[in-house]
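*Asks:* If you want the building blocks of each chain, they are given just below.
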Amino acid sequence: MTSLGAIAVLSPAHGPAPASHTAHAAVPALAAPLTESVDWAAIAPAAIPAALALVLLVADLFLPPRRKQLLAWFTVAGLALALVSLIPLRAGHHATFCRTDLTGGGCSYTADRFTLVVQVLVLGGALLTALLSAPEVEEELPAGEFWFLLLASAAGATLLPASRDLATLIVALEVTTLPSFALVGLRRGDRLGGEAALKFFLTSVTATAVSLLGVSFLYATTGTLYLDQIGRTLGHEPGQLHTLGKAGAALTLLGFAFKLAVAPFHFWVPDTYAGAPLPVAAYLSVVGKAAGFSGLILLTTLAFHPYADTWGPAMGVLAALTMTVGNVGALRQRPDSERSAVRLLAWSSIGQAGYLLVPLAAEAAGRPAGYHVGTTVAYALMYAVVNLGAFAVAALVTRSAPAGRLTDYRGLYGRRPAAALALAFFLLCLAGLPPGVIGLFAKVAVFSTAVDAQHGWLAVIMAVNVAIALVYYLRWTALLFGRTENGQEQGMAGTVGTADGASGALAARTPFALAAAIALAAVAGVVLSGAPQIVLRYAEGVLL
Amino acid sequence: MNDTALQYILAAILVLPLLGSAGALLPAPPGLRGRGPDQAVLRHGVTVTGAVLVLAIVLAAGFDHDHPARMQATTDLDWIPALRIHLHLGVDGISLPLLVLTALLTFLCALYSYFKMPDGPSPKAFVALLLLLEGGTLASFAVLDLILFFLAFEAVLVPMYFLIARWGGADRERSALRFIVYTLLGSVIMLLGLLLVGVKAGTFDMVALASDNGSHLSHTTQLVAVLAIGIGLAVKAPMWPLHSWLPDAHTAAPTAGSVLLAGVLLKMGTYGLVRVVLPIAPGGMRTFAPYLAAFAVVGIIYGSLACLALVRQGNGGDLKRLIAYSSVGHMGFVLLGIASMTRTGVNGALFANVAHGLITGLLFFLVGALKDRYGTSDLDQLAGRTGAALYGRAPRLGGLLAFGAVASLGLPGLAGFWGEMLAMFGAFRPGAGLSRPTYVTFTAIAAFGTLLTAGYLLTVIRRICMGDRDTARAKPVLADVHGYEFAAWTPLAALTVLAGLWPALLLGLTDPAVRSLLGGN
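Here the protein sequences line up with chains A and B, keeping their order. So for the first sequence, the working numbering puts the first residue at 1; every next one is plus one. So for the second sequence, the working numbering puts the first residue at 1; every next one is plus one.
Treat the hints with caution; some may be incorrect.
[As the list claims (entries may be wrong)] Quick list of in silico lysine to aspartate or glutamate cross-link-like pairs, DMTMM-like style, CA-CA up to 25 Å:
1) B:Lys-371 / B:Asp-480
2) B:Lys-200 / A:Glu-138
3) A:Lys-68 / A:Glu-138
4) B:Lys-124 / B:Asp-372
5) B:Lys-124 / B:Glu-173
6) B:Lys-200 / A:Glu-540
[Said to hold, decoys possible] Here are some, though not all, of the chain B residues that point toward chain A, as calculated from beta-carbon distances under 7 Å:
7) Leu-32
8) Gly-34
9) Glu-154
10) Val-158
11) Val-181
12) Leu-185
13) Gly-202
14) Leu-451
15) Leu-452
16) Val-477
It is worth saying that the hints were derived from the structure and are not from the lab. For glycine and all other residues, C-beta sits at the position ideal for the given N, C-alpha and C.
Produce the complete structure using the sequences and hints provided.
*Replies:* Structure, rendered in structure tokens:
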């Protein structure tokens, strides 16, 4: 378990209480026979980034400064290799760290179809993030630390969808989250970054603590940490443990709801995204969310299915609340305030998280377990591609206009037609309007789960939200093609101040990695628009 | 012509505008550069829309006119199995006229813009958006899958938004945003209804659903579906009281935008009612039909009264806004015909649909030309105290405007007459299960509406076309109709006369198709 090794390195940074708790909880669950053989092929997607993280941390010490950019390309190659390592697993029958004993065994790590799809999402998202952060890391962030943290976090997020017991799940969640605190605050001497990291850290640690409390309740109720065994036991527990079991389930879900930034636990998102280096915000908005929703899916469909009638409606209410809060927040962004572009993306990502929850709310109503979760995964795949694309263009624009205002995008089409067209496409995908066909069909799939489950009210609230979201996405899109004021190249020259001379020339050049990230996302978006079946096939049938 | 050839022609009609749209953004290849990039791209627009028009005419010629009720030129491919979405295309007697109308109007708009590009940013984006819009509208008339219909319905929003917001007149950005938010909200609710039908019936295929005639859907499902789908389509049509986006959008839009908005986009709403709601959920429709009819006649009266108020001297009414409101009235007749749920009424509605596209398209062209010449479309500024005397200053322009207005008020012998008369006939004797007295009342009110319509349109003629001798001789001399304007307007005027004198041309196509849609034989 190389990825667990990564935690051992990290755990001092993260506070003793949760770590020791985790270790204790892990012992009974993972106490497998010592002779057990590990299926290395199955864990390769998580192990490769984890191993590479350590290698890069060490390599950083020996590389001269001008060679540091090699680290970026190693990261990209490593993530690509991890993606390739998924190919032999595509049949989806691998499982490892299994335990066979009298009480009925279970596997801690399963590489089924769900796992593989989410791993593709996580590794692909991390790959795009690596591409779009390469220029910024080269210029203003400590390279070795950055790549180590990014890979460690990606390893955790890759492990998470494969976890099938509560201990591994919590450990994976922490491996995903802990490095991101550091990533958020990595920019030296940046007050906003430190504040953002602290806010993120405090909410996240609270969430984890709450989750751990829930896990302990569940263990007390059911006597097992394996998700499927909990699923079989819950509902049959002795009467006096009934409340404990329900409370445990609710508390555990809460922790993941924090990670997914479900309202009312969303307040950390805008400040954290705005304070973090832009690539880190992109990473959190996609991979962080993937960790959140895959955890929620695993818990609800595998472990808590007996309580479906309770959490189903609750998910519906949370979904409605989240999308409304996110979209109204995005609508209220003032285009001329500092970092408004990233703030808008942050609020819109909250709104999008609301759509991700809709299939989970539909999950409870009368269909077999896991019937609708594929739609969440399909939507998340679409969202990951276009959201990272939008962030990539934002990273490009921020290079020449560091204030990151929405008004900086005015007339982008005149300056960088390709980037402007790409951003317009990404925004329209997020809005769900043609020519962003894939965005439209992903929304259609989400809508159809709500209609199928006869959650008419949820569908109508989502419909209103789609219309609200359209306003701000479209305003931004319209800005791209607007005329620049007084023919000035950057429209807001007064605010840029330092952006002249050398940095002006720097801004004019598009770094190769950034261009590659935008192009990759755009090509993926266009291909998916032509053949939506590529992602939507996960929306039919049972994934788990 | 055999069906395979027609099939390819139909596919080409849908694909060509999209390819053309992408092509417009690329630099012109050597040899086609013309007199400069602007001219080259505008010419590209004319070429592509012209090719689409030719293909549409070939399709109409190859169409088997003996069996207009049968879907022809059909293609049926599996596209997204996960959502059960098929690429199912085809035309019948109902969609064919609208398809040709769309191709024609877009071509005329492209032609007009080639000579008279609206003020705004580069024509490159204008042409690309125009072609995208054409692709979306053509697709909405040619697809036979509910979700694809929704896709096509949505595809026109973004291009139309940018056409208004970039090349429009005063207050254009707010109007454009209002247009798109209203329509999108409507169409997302429509999507819920479509999904409900799809989930309950197990298919999104319009042909299969229409031949079931709602027999697989419970009455409650039908009610909810008709309500949801109906709201979306009624916003687009537009039905009073959901029309309030329309006057602003029309007033702000450039000429080509107004022409296409009135001539084609509004038709998507009524076409959807005929193609989707009537055959798929007839039971639900029967419950809601009287309400639809009531809203329709209120729309007729409301539109006419609004126009009468605008046309009064001293009210500062805008001529474009007036025609927009008159559209609300005319579409009221179309909705009334549909709400009658009879063959006569629905045929009338489809006829009025096409006639309104021709006549209002022509009127918006004419008003756009007036606005270019005078610099305003404010009636009081145009007409002054005594009238603009267009007959004297620019006789051909004045004559055409009078022709358009008279056609619009429904003079027998011109296209506007038949549709509205048949719609009222249908409402006079409504379909089974609908209350006759209620509908007779509606018919009477609608008939009164025609009087009001005549009232304001004749006032427009009096104030714009007539005037005193001094105004007629005023300097500078007003340019009469230019050659390119003739080229763009003559087809519309000619077709208005043709459809008025030979209504069987259109009714022969629609009637058998309507009969099979309504479930009769």
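*Asks:* Compare the structure with each hint and give your call.
*Replies:* Now the hints, each set against the structure:
| no. | hint | in the structure |
| --- | --- | --- |
| 1 | B:Lys-371 / B:Asp-480 | holds, 13 Å |
| 2 | B:Lys-200 / A:Glu-138 | violated, 56 Å |
| 3 | A:Lys-68 / A:Glu-138 | holds, 7 Å |
| 4 | B:Lys-124 / B:Asp-372 | holds, 22 Å |
| 5 | B:Lys-124 / B:Glu-173 | holds, 20 Å |
| 6 | B:Lys-200 / A:Glu-540 | holds, 16 Å |
| 7 | Leu-32 | violated, 20 Å |
| 8 | Gly-34 | violated, 21 Å |
| 9 | Glu-154 | holds, 5 Å |
| 10 | Val-158 | holds, 6 Å |
| 11 | Val-181 | holds, 6 Å |
| 12 | Leu-185 | holds, 4 Å |
| 13 | Gly-202 | violated, 12 Å |
| 14 | Leu-451 | violated, 39 Å |
| 15 | Leu-452 | violated, 34 Å |
| 16 | Val-477 | violated, 35 Å |
Against the hints set out earlier in the document, violations occur for numbers 2, 7, 8, 13, 14, 15, 16.
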